[in-house]
Structure formats: structure tokens, C-alpha cells
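*Asks:* Chain by chain, the residues run as shown.
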Amino acid sequence: MSIEFIPDTSSVLALDIGSVNTRAILFFQTDDQFRFIAQGVSSTTLTAPLNNISLGIIQAITSLQTTTGAVLLDEKSHLIMPGQPDGAGVDQLVITFSAGVPIRIVTLGLLRDVSLKTANKVVSSVSGVIVKDISLNDTSSFSNQLDQIQNAQPDLLLVAGGIEDGALKPMQELTLLLKALVMVLPKDKVPEIIYAGNSSLAVMIKESLKDSVELHVVPNIRPEIEMENLAPARKKLAEIITGIRIEQWAGLSALSSICAIPPAPVSVAYGRILEFLGKSHDPSKGVLGVDLGANSTIFAASNGIHHDLRVYPHGMGEGLAGWLKDVNPEEVLDWMPQDAHWTELLDYFHQKMIFPASIPANRSILEYEQAAARAILRRDMFHFLQEWGLENIAFEPIMVSGAVFSNTISPWQTLLMVLDGLQPVGISTIILDQHGLTGSLGAMAEINPLIPVQILESSAYIPLATVVCPFSEEMFGTKILKGVLEYEDGNYNRFEIAQGNLLQIPLSQGHKANLQFEPLRRVMVDPVIPSYGFKVIGGQCGLVIDARGRPIHIPRDAKARIPLLKKWLATG
Amino acid sequence: MTLTTVTHTLPLTLLRRNRMMPYSGRIVVHESQHVKATDTLGTCLLPGKHLQIDLCDELGVKSVNKCMGLVERKPGDALTKGDVIAQTRSMVKRIVRAPSDGFVIAINNGMLLLEVENETFELKAGYTGIIHEILPELGVVIETSGALIQGVWGNNRIGQGILASSNQNPMLEFSRSSLDVSMRGCIWLGTYCVQEDALIAASELPLRGLILGSMSAELIPVAMHMPFPIILLEGFGMIALNQMAYKLLTTHDKREICINASSWDKTKGDRPEIIIPLPTEGKATDDVVELADDQTIHVTTMPYIGKIGVIKRIHPASDLLPSQIRAPFVEAQTEVGETMNLPLQNFEVMG
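As you go down the protein sequences, you meet chains C and U in turn. Okay, so the first sequence: first residue is 8 according to this note's numbering, each after it adds one. Okay, so the second sequence: first residue is 567 according to this note's numbering, each after it adds one.
If we strip away everything but chain U, and leave its shape as in the complex, we get (with noise of 0.2 Å):
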């Protein structure tokens, strides 16, 4: 028995995915409500700076003791730019003031520690759905139904938009002259990438999203750069998009969809991937399969990357690869009739 997990791409599923903040914070969404990509979901605060503020030293106290017993706030207090923290009572006042907004951590021994400088976080949702479960101050679920593409990289972007794939040649590399003025505010459908300048041509146009097979390693740092979110679906090099996912997605033109092109994080299952949400309603799919005959696979390393095949035979003993080295292997066969063998890590079951 050999189980593996499943990369999905499908005409039509149901999906739930969970939306979490990294800090508690405020939810601003609500069961069964409709929501869009971009829809803000919650906000939390994200911890700010620092700032220790002497006050014995700024109100000219030497003892700590009355230095503390002129403080006029207390550890949780919220402050805004200006207000007093503490003051002398002579005839001349001195007085310490909040220098921004923030909050009182703690006053100890005279010194007081403020946090100042909170960045709010927004919750984004990232795909077009229902909101199925709120997970009070930290998160929901979100379920809808639609196509489905599952991809290996993601410039940890979100986006929604009208997918443009028409007239694509699936073998042709993708390059500043693949894009024109009709194209501003799509979601582009592409090949590969190796030049940055088709990556900056896409950001001036601008694009919403690029969907791409591949794209050289060599444009990571550009591409994190990219205001819009790029998927890659098969991963780095010169790999054209492969026949299933190119056929799913072609038959969606013109058609809104949502890239939640995240980081694919393993230990959370967070992977990069395509929704088009449709009116019908889908099934859930198992996401772990026992490997057997007929499944279709998705190969995702050379020689053979990028291509899809159907599983012959299983062969559970180690036997020497091309390479000269032994592992247990399949013997999987392509659309056009081409046999692969590929080691058992080699590959995706696809569903």
C-alpha cells in the first residue's frame, strides 16, 4: 500500500479553506455571507515598535517612588500623540507626554514602555465564496464551488480578474511583445518566462495576475516584486503549461477568477492554486489516494517534467532507472502513446 497526497485539477469541486490571521484580531465578516477575492475578511493589529521613555529622568524626579506616584496612567492604557503620562505638580510643570499613538505596556522602577506604531493586518479572502465558519478572532472558512488548479509556486499575492488565455500558442514563451493594451486588468494565461522585461512589461500594462507554466529561477526576486500575483504551475525552467490544466483553463476565457498565489507552505497545506468559481454546485475530493493502475500523474521533475500520463503498471521493486540508480518505479503513458518509467517521487497523482 503506498498512499499519496492528490494535486487537484478539476473541472468542478467543492472546496473549504481556512483564512487565518497571525495575531487575535476583529472579524468583520459573518456566516453565509458572500464574498469576493479581494473582500477584507478581519483586521488585527500586528505588534509595533517599542519605546522606553524614562520618567523619573524626564520629570527630574530622583526618587523613584514619587516619580511613580505622579504617573497618570496605567499598563493597557491607549494613548494618543500628545496626551500626558505623567507630571510634576510644582509651579513650574513638567510634563511627559505621549510621542504617538500607542499603548501603555508596563511602568516599572520609573520607566514606562509604550508600543507604538501598530500596523493593522487585513484578512484578505483570497477566493470567491460563502463564508462557512467563523473562528472567532483569528480566522473563517470559506467554501466555494468551482474549477480548480493546484499549482507548485506562488509570489505570495492574491488576485481576482478576467482570465485571458485566447490565441495562445501553449509552447510559446511568454515576452513583452505577448502582451498589448487589450490585456490591461486581465489575468493572463502564459507559457514560460525568462526575461524580467516581460515580468515589468506585465506591471506597466498593468496585468491583475499571470498564470505561467514556468518561469527561470534566476526571476524569483523580480517576480516577489510584482504588485499582481504570479502562479507558476509546473515550476522553474523553460516547462510549457501541461495539456490538463492548459484545456481546464483555455475553456474558462473570459471568465472571473481568483489566484491566491501563496507561498505553497507544506506543514499547513497552503498551496498556491486557481479557483474559477461557477454556479454549480461541486463534490469534495479526497486529497490522499492509495496509488494504483489508471490514475493519471503529473510529472514534476526532468526529464519527463511537466507532462501528464496514465499509471500501466506499478512496479513496487527497485530497478535501475536511466540514471543507474535503483528505486521502485511506475510505467505511466502519455496522451500521444510515449512510456515514461519514473521513480514513485517523481510524480503527482492528479484528481
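Only chain C is shown next, with the shape it has when bound in the complex (with noise of 0.2 Å):
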């Protein structure tokens, strides 16, 4: 593909460090448009023998002109900034990132129900771990806090505790365990600190630790027993691990420089985008997105008031060893729709987390993967929903992305995976994010919130299906709907929906067509729509309608699960 650069035009150059790809991706503005144009993919050269991320850069850049003809490098391969009039360079540079070792977290509050619990919550919006959190009311003794704190060897301390105007004695124990931790550990292994407790005590801890640590003051996560506020911690916790990052990474540091805004965590980034989405959709239900990463999947939902962000340690790279740490087989084995022993699915996971950029090279490989993300959306969806909150789990539309969606043999065998996966309930559309572009949308919004309106309606978003998923408790094989589909251009088609089956009707991608529903038992199409009639859009699947029952039901029978699986494989 080669591209017709204009003069006078406005560019951007989005950088994704992965832990196993580096993407370079540029949006560029044409007649007060932006537009996606292409990406250059390379492997992460952030580790050994390597260990600069620029090689890996640089890498990507490259494959992004041969792509696009765009030229990006000059000749000692420094990139061009600004866009100069002959149309080379980008006028604007964002970074995002989510490789490299987890950031090890100790979390401290007071009461493990109150304040622990959400300075947990303030940790899962980043790919970090909890190695671990501590109660002051938990009944070990300070010394043996002191030593499990020591052991942990965290990067960072996140201190939570005590509601505004509340009691100061019990967080000023918490004052001599901070001051004694300082004094126990070698000095370059002190972790940076937050302070995000009763902000009375701001300043006593600020004196009493003095310049020992890097204190951060933000502002109290848990002001009211009631209520929450996240935002400024976790804005904080965002910037430490960035600064954590520049400091651990060669080449990161000459490239912020030069960054529109510094460079944030992929999920950061990511949350911001699904909050503006929440916020321009239908406030009855939730948007929801999901990133399926090789180390961590990011989960985020909004509503427009009500906004989640969780990243969960399972992805399908490295990852999987969080996963496997206490998976059972049957979880995984439920959706292989070919007979394996879980022994050697095992080692395939396992030689998967020493070559987490291995690329499943035949059919039965392609499954393995394919069941081991079924399974891992699965858990981490329950776990979403619980966390999530809220009554209404019905969420329009849900946003998938990751390389085990988009490296599929077809559009259908994606749409099943998000499928039995999410188990959405109701009316959704489900769009794939074939490029991975929503967490560079996320950073590029803060420099131009409407770099993500257009992007996000471009056609570098596919819409894979509106999908209906009524619920029913009628027996297997009982018919429970009728329903006519009418087409713009005035044709039907009718069908009739039994339990357990899953259904995909014709409607071209783009397409509107208005959907009625008669029920024949008791059914719930939708849990926020009290109706039968819908005007839908259609997706590269088309409309599909799945009355598979939540949760699905899996025989675990081998011979009654395998044609069942591989039937709802050949239903696209």
C-alpha cells in the first residue's frame, strides 16, 4: 500500500511496546479528518541480548514505510519530527506500553474490607502485582509486617487507610512500620511510596520519612466509608511505573522527550477511551472492551458515571502462568473441538510461555490457543461482573482485541471465540479491533480528543455482528422465539429460535434492518429493553442470535461435545 502524503496536513505516530511486539502505527489528518493508515509490527527488543527497546522501534518504523511508502527516518534512522512540507516525518508522537516485568506492589491499609480492598482495586487498573497486601489490623506483629514487606521486595508501596476526619492513631503505627522499612532495607532497594490515606496524616509521614524515600501525597482513595476515589491515585500510580520504566528501559527516556504527553500503561490508556465511550453511549447499559494480551488481559466498562478498569495477570504468553497457576482442565478441555488429554495441552501452554511469539502453524494448534482464550475470558468475565458491580451486566457494544482475535481463519470463528468467552447477555454489537489500536487512541486523546471520535468510527473497527442473546430456562430444543427480520429494501426473512441453538441470519455488514420478536415461552431478550422490536445493524457475521443458555452448557462427554462444538463452528 503505498499513500499520497499532502502537505499541510497533521500526522501521528503511535508507539506500542508489547512484550512481544512493538507497533508502530500512524494516524493521519486529511480535510479535518484522521485517519488510521497502517502499522508496522516488529519484535520487542527489550530483553537479552538486545535490552534497548529502540532496535525494536526502529524495527517497526521501518516495516511501517515499506508499508506505506511513508518515509518516517532519516538516514541515521532518528525519526522525523516535525512533518516537514515534503511530507516526511509525523508531527506528533504518543507511547504506550505493557511489556516488561510486572511492577511489584505491596499494598497497605487498614482495614482489609475499607481501605485495602481499594487500594487493591487502584492496582488492578495496571498490569502490576500484588506481591503483597497487608492489613494493620491483620493480627501479625509489626515486626513480622516488617519482614513480609522485606521479602516481598517491592518496586512500590501504595498506603491507604483512615477516612478524612477520621481516628490518627492507628495510621500513625502505620507511620513507624513506613520509617522502619526505610531503615531495613539498602537504600537502592527502597520503593517509591504513595500516601493516599487520611490526608491529615500527610504531612507527618512526609516529616518522619524526610528525604529518605520518594514520597507521593495524592488524595485520599477512601475519604468517606462509602466512597471511592480513585482517579487521582491511580493517575499517580501510572506516572511512577512510566518513570519506573524509564529508568529501567534504554531508549525510552530519548524518546518521551520527544513525546506529545509522556508515555502511559497500555491500560491506562485503554480505560480512558472506554470511559468516553460510556459516556457517548446508552447510559442503560455499559460499553465494555477487552484486550486479550500475551501477559495480562485488560477489562474496562463504563456507563458513563459507573467506570471500571481491571487488568488481570492472564494472557496467552507469559501470562498463561498466572492462568495455569490454578485452572482446571475442564475449563479449557470444555471447548477443544477435537479429543485431547489435558497433558498435552499442558505442554503445549507451558512451550508457549518460553516462546509466548510462537503463531499456532496448524489446526489443532489454532484450538488449543482458541480453547485456552474461551477460557480465559471466562474466568476473568465472572471475575469483571463481580467486581463490575452493577445489576446490569447487558453491555452495547462490547470491543475485542488481542492477536488471538484477529489471527483467526474467519470472521465467525472470532465472533464465537468473544462468544463463549464473554457469554454476553441481551442485544450487543460486538466490534474487533483487528489493529490493536484503542490504547494509542486512549494516549492520543489526551493531545486531541477527536483523534478517537473518528478513528473509532472508521472502518478500522469491524463490526463482527449484532448479537442477540435472550434468556430462556425452557428444556434444550424448545422453541422459545419467532422472529422476522426486515430488510431495507423491504424483504424478510423469518425464522424461529429454539433453545440451546445458535442462529446467524444474513445482513449485510453496515446494513439496518428492523428485528421483531414473538415470543412463544417465558424469554427475555434483552434485561435493559423491555421490548420485542429492534432496528439492528448488521456485521461481517451478519445478525446473530444465541440462545445457548448462560452459562453454556457443555457436554462433557467427548462424543457429544465434539460435533456440538464443531456444529456451532460451521453455523458461520
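Keep in mind that the hints are not guaranteed to be accurate.
Ranges between beta-carbon positions, derived for each pair [unchecked claim]:
1. U:688 with C:180: 35 to 41 Å
2. C:399 with U:784: 39 to 45 Å
3. U:623 with C:232: 33 to 39 Å
4. C:76 with U:737: 47 to 53 Å
5. C:537 with U:881: 51 to 57 Å
6. C:232 with U:770: 57 to 63 Å
7. U:647 with C:196: 23 to 29 Å
8. C:180 with U:793: 39 to 45 Å
9. C:179 with U:658: 30 to 36 Å
Keep in mind the hints are simulated off the structure, nothing from the lab. Here a beta-carbon is modelled for each residue, glycine too, at the ideal position from N, C-alpha and C.
Assembly of the complex is requested from the two constituent chains, each provided in isolation within its own frame, with the hints serving as guidance.
*Replies:* In C-alpha cells, the structure reads:
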């Protein structure tokens, strides 16, 4: 693909440094309209022997240059900034990252179910690992708590506790603990500390720790017993993680100095876009975004008022380790459309952890990975919905990204993985972010909020289907709904749906139609919209009715399971 | 231009490896000193446990100021069990003694913080070679010449011993019956292992080390508890040793070898590896090369896992793989003339 570069236009280069791949993504503005142009991909060169992200970035940009014909690097492989009159270079640069050994975080709070819970929630917005969480009200002694923190070898401490105007004494004990910690640790191992507790104590803590540690004070994350204030602490946490990465990674410091905004953890940028989408969509339903990466999985949702962002340490590469720790083999084998033994899958997953960049080279391996993806999504969705805390769990739209979704045989295979893994309810549009742009858009929103608006509406995001997931407790095979789909050209498609069935109805991508149901039994089409008539838009897989029930029941016996899974795969 | 890292299976090379301690400590070797794999290079104290002593309470003194005046130690003092920390000056003395060996960390407001039970960490050489450089208080750089075979997984142990590889069928499973008493104290070259009993038999003999092509992932917890190093050259499953490594290792049968079965730390670059020290001086080789035709490669994932081939052609543009996924790939040929189409991510370049 070669593009024509028009002078006097604006361009943005987004770099995303992932644990496996580094991507260079080019956006271009013509006639006030931003467009996604292309992306170049290279292996991330953070690890030994290179230990410098620059080479991976140069390779990714070089690949982008080859694809587009754009000139972005000069003869010394330096990024040309700002854009030149002849079209060379880019005007702005943003960076997101998810690579690197997870930051080790210890959370300290007063009460386990109050401030500590909130502190852990703050940490779950980034791909850090809580190596220890300590409640001062636990029974362990002062010295034992000190040992626990020391042994956890944290990079960062998040300290919370005490509501505003609450009692100070218990929190003063915490000050002593921090002071002792700074004394027992070697200077180069003293972690940075975020204090997000009762603000009356902030000065005292700062005073007692003096210059021995960098203390970052943010507003109380639990100012009242029933109120959380997560945003400032999350922002500070992201800033500190960026700072740690700049110190750890050769090459990032120089690049960050020419960035339009400081580099950001990809999860934070991803969450920002979902918050934005939540404000512009139907507030009665939330929007949901899921990014299944190599190291971790991001879940973000928003209904305009209530936002949540979680990073689970489960992924399709090294993130398999976290997931395998407590996986039940049946969670995976249930989704295998072939007769497979758990030992074979386990061997494959451990090999994949060693070589996370490897690509499924044949069908059976692809099925291993897709079964794992379903199981990871299933488990993380379950936890996310519990943490989401709202009664309404119907989302519109649902946006997914990750190599496991993009590297499939067909859009139907991708869609089925999403339906099996997330098991949405009601009516949703499933959108595939096939290039994994969402995180970068979140970063770009900081410099120009128009960019994400325009890109999200572009063809870079593929609507896979409008899916209808009715809920009924009728027996398998019982007809529960009659439906008619009225196309724009006046044609009709009539159909019946039996409990347990999965049905694909042709509806061209982007075409609108009226969908009318007639219930034959007790059935709820959508938990939020009390109606049987809907306007729907077609996706790559048309319109899909998923009446398989929630949760989807899979027979344990391979003789029954395999034909059923194959039938579902052949539906689209 | 596609740069790729190199996995080494070399008959002779010169290598330098950093050996580092987790905390500052004392290095006990000197530059140019010859060391064996099991030699200690340095020691450091690992963080111990902490004890908080309420001195006011122990001394029966209410005033913190008075209490502080009775303390006979200061931060940083080393204490032996029973040493006096503080005592009253009354007729009937109350004495606070050190409950065990340790260090005074802090004394504040009548509270004393002690660090006790520090364990000593010993940094082992891991390689037979010469100390090339001392990194003061932290570690050393060892230099050695010899054959080098890098693996993909290790059980975090280091060992040295005589390699026993004769009469091994490279396709035969390693089991209890593979072992006999003549192998006691040897490093055994096996193929693949799927039985826990085989590992237990190896520890009972005992072996000094075990080199395998692969192992069932279910055996990881058992392998981690084995007292000898276990290194996997291919990974997990039932995969025999690749021919290149097999030929090189069997050439050195009955020779003393070192196994550093560390876990693969991709950030630091520490990788499980086998070194066969040789008297001839080798040359250092590149760790990164540009992907090119005629390079020897080693397949790291199914379905060709463990096979060695030579790149015949690189296809930089994405094309359809048997999985129906599109990706750039190389066309490679095995020793027996079999053609493999491999995505760029599914092999390592050997060198």
C-alpha cells in the first residue's frame, strides 16, 4: 500500500511497546478527518541480548515505511519530527507500553475490606503484581509485617487507610512501620511510596520519612466509608510506573522527551477510551472493552457514570503462567473440538510461555490456543462482573482486541470465541479492534480528543455482528422465539429459535434492518430494553441469535461435545 | 532487515558470564583465578527476620527518656545471643539481652528493632573457567572456553560431573530402567521424560545432573525439588534431543561438563546452558544476527518442534499457513530433505 502524502496535514505516530511485539501505528489527518493509515510490527527488543527498546521501534517504523511508502526516519534512523513540507516525518508522537516484568507492589491499608480493598482496586488498573497486601488490623506483629514487606521486595508501596476526619492513632502505627522499613532496606531497594490515606497524616508521614524515600501524596482513595476516589491515585500510579520504566529501559528516556505527552501504561490509555465511549453511549447499558494480550488481559467498562478498569495477569504468552496456576483442565477441554488430553495442552501452554511470540502453525494448535482464550475470557469476565458491581451486565457495544482474535480463520471463528468466552446477555454489537488501536487512541485523546472519535467510527474497527442473546429457562430444543428480520429493501427473513440453538441470519455489514420477535415461551430478549422489536445493523457475520443459555452448557462426554462444538463452528 | 537472537550450540566458543549476588557482600576470588562450577565466588547476608523489643516494658521504666539513657547499644551494632542491650542501675537489676545473634537496626522512643537470623548466600561459579573481572561487592565475570549448548528450561540448580551418554538411543524415553549403578555420580544424557518415577530413581542413584530433550510439564513441581540440575534443550512434551545438540554432546562422552540449569531470565539474558570446558581457546560469537538464507535453525514449537533445518528462502510477505493464519515465513529444509514452512516466530537461529 502506498499513500499520497499531502503537505499541511497533521500526522501522529503511536508506538506501542508490548511484551512480544512493538508496533508503530500511523494516523494521518486530511480535511479535518483523522484516519488510521497502517501499522508496522517488530519483535520487542527489551530483553537480552539487546536490552534496548530502540531497535524494535526502528524495525517497526521501517516496516511501516515499507508498507506505506512514508518517510519517517532519517538516514541515522532518527524519527523525523515535526513533519516536513515534503510529507516526511510526523508531527506528534505518543507511546504506550505493556512490556516488562510486572512492577511489584505492596499495598498497605487499615481495614482489609475497606481501605486495603480500595488500594488493591487502584493497583488492578495496571499490569503490576500485588506481591503482598497487609492490613494493619491483621493479627501479625509489627516485626512480622516488616518482614513480609521486606521479603516481598516491592518496587512500589501504596499506602491507604483512615477516612477523612477519622481516628489518627492506628494510622500513626503505619508511619512507624514505613519508617522502620526505610531503615531496614538497603538504600537501592527502598521502594517509592504513594500515600493515599487520611490527608491529615500526610505532612507527618512526609516529615518522618524526610529525604530517605520519595513519597507521593495523593487525595485519600477512601475519603468516606462508602465513597471511593480512585482517579488521582491511579493517575499517580501510572506516572510512577512510567518513571520506573524510563529508568529501567534503555531508549525510552530519549523518546519520551519528544513525546506529545508522557508515555503511559496501555491499560490506563485503554480505560480512558472506554470511559469516553461510556459517556457517548446508552447509559442504561455499559460499554465493555476486552484486550487479551500476551501477558495480561484488560477489562474496561463504563456506563458514563460508573467506570471500571481491571488488568488480570492472564494472557496468551507468559500470562498463561498466572492462569495455569489454578485452572481446572475441564475449563479448557470443554472448548476443544477434538479429542485431546490435558497433558498435551499443558505441554503446549508451557512451551508457549517459553516462546510467547510463536504462531499456531496448524489447525490443532490453533484450537489449543482458542480453547485457552475462551477459558481465560470466561474466568476473567466472571471476576469482572463481580467487581463491576452493577446489576445490569448487558453491554453495548463490546469491543475486543488481541492477536488471538485477529489471527483466526474467519470472522465467525473470532465471534464465536467472544460469545463463548464472554457469554454476553441481551443485544450487543461485537466490534473487533483488529489492529489493536484502542490503547494508542487513549493516549492520543490527551492531545486531541477528536482523533479517537474519528478513528473509532472508521473501518479500522470491524463490526463482527449484532448478537441477540435471549435468556430462557426452557428445556433444550424448545422453541422460544419466532422472529422476522425486515431488510431495508423490503425483503423479509422469518425464523424460529429453539433453546440451545445458535443461528446466523444474513445481514450485510453496515446495513440496517428491523428485528421483531414473538415470544413462544417465557423468554427475556434483553435485560435492559423491555421490548420485542429492535433496529439492528449487520456486521461481518450478519445478525446472530445465541440462544445457547447462560452459562453455556457443554457436555463433558467427548462424543457429544465434539460434534456440538463443530456444529457451532460450522454455523457461520 | 529482520534481526533475530541466536541460540548457541557450538563445538568451541569463548564466553563470559556475569555471576551476581542478590545483595552487596564479599567476593572471595581474585582476577585470573581458575574456578570450578561448584566453587564459591562470594557471600552475602540475606535479609533476616526482625524483632521489636519494647525496652521500657522490659526494663520496667515508664519514662521513655530515662529508658533511652539505659541503652548500651547503638544502631549498627552487631550482637551475639545474650549480649546486654540495656540494664537498669537499681539494686535489683533488670537486664535486656539479645535473644539471638543479630544487628541493631534502630532505637527509637524506647523501642529497639533488631535484625536476626540472617542467612548467608553463597554465589557459586556455575562454570569452570577464569575470573575475568571482579565487580566489587556484587559479583564477578567468568570467562571460559569450550563447547556451549543452550537450553530452554532449568530447575535452578548448578552442577558439574562426567557426562554419560554412550549407547543412548536418542528416541528412547528416559525411565527408571534407563539407569543402572554404573551411572552413579554422572550427568546423564536422556531423551524425554514423562514419569515421575524416573526422576525419583535418578535422585536415589544419585545422578549429578540430567540433560533431557523434553519433559512432561506435569513433572515441573517434582523436577524443581530434585537435588541435581535438570536442563531441557527442547521444552515440554515428548520431544527427543535435536540432532545438533545430540551429536555435540555424545562427542564429549566421559568428559567433565558443567550444567547451569538456571531458569531463563529473558531480561537479564541468563539462560540454562551446558558448558564443556576445553583447553583450546575459542572465539566469541554474535548473539544477534540478521535473518538470512542458509542459516541453521532450530524449531521451537509444534508441529516440527526440535527439528534442525537450513533456511532456503525467506518469505517476508504474509502467506497462508496450514493453520489458515497469514504470517511471514521461511522455507527450511531438514537434514533428510523434508521441507518446513515456518512462521518467523517459530524457530531460533543456531550459531
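*Asks:* If a hint holds in the structure, say so; if it doesn't, say that too.
*Replies:* Results of checking the hints against the structure:
Between residue 688 of chain U and residue 180 of chain C the Cβ separation comes to about 38 Å, which falls inside the hinted range of 35 to 41 Å. Take residue 399 of chain C and residue 784 of chain U: their Cβ atoms lie about 42 Å apart, and the range 39 to 45 Å holds. Separated by about 34 Å at the C-beta atoms, residue 623 of chain U and residue 232 of chain C satisfy the suggested range of 33 to 39 Å. In this structure the hint that residue 76 of chain C and residue 737 of chain U lie 47 to 53 Å apart at CB holds, the actual value being about 52 Å.
About 55 Å separates the C-beta atoms of residue 537 of chain C and residue 881 of chain U, a value consistent with the hinted range of 51 to 57 Å. For the pair residue 232 of chain C and residue 770 of chain U, the supplied restraint of 57 to 63 Å holds, since their beta-carbon distance comes to about 60 Å. One distance hint, 23 to 29 Å for the beta-carbon pair residue 647 of chain U and residue 196 of chain C, holds here, with the actual separation near 27 Å. At about 44 Å, the CB distance of residue 180 of chain C to residue 793 of chain U agrees with the hint of 39 to 45 Å.
Against the hinted window of 30 to 36 Å, the Cβ-Cβ separation of residue 179 of chain C and residue 658 of chain U comes to about 35 Å, which satisfies the hint.
When each numbered hint is compared with the structure, no violation occurs for any of them.
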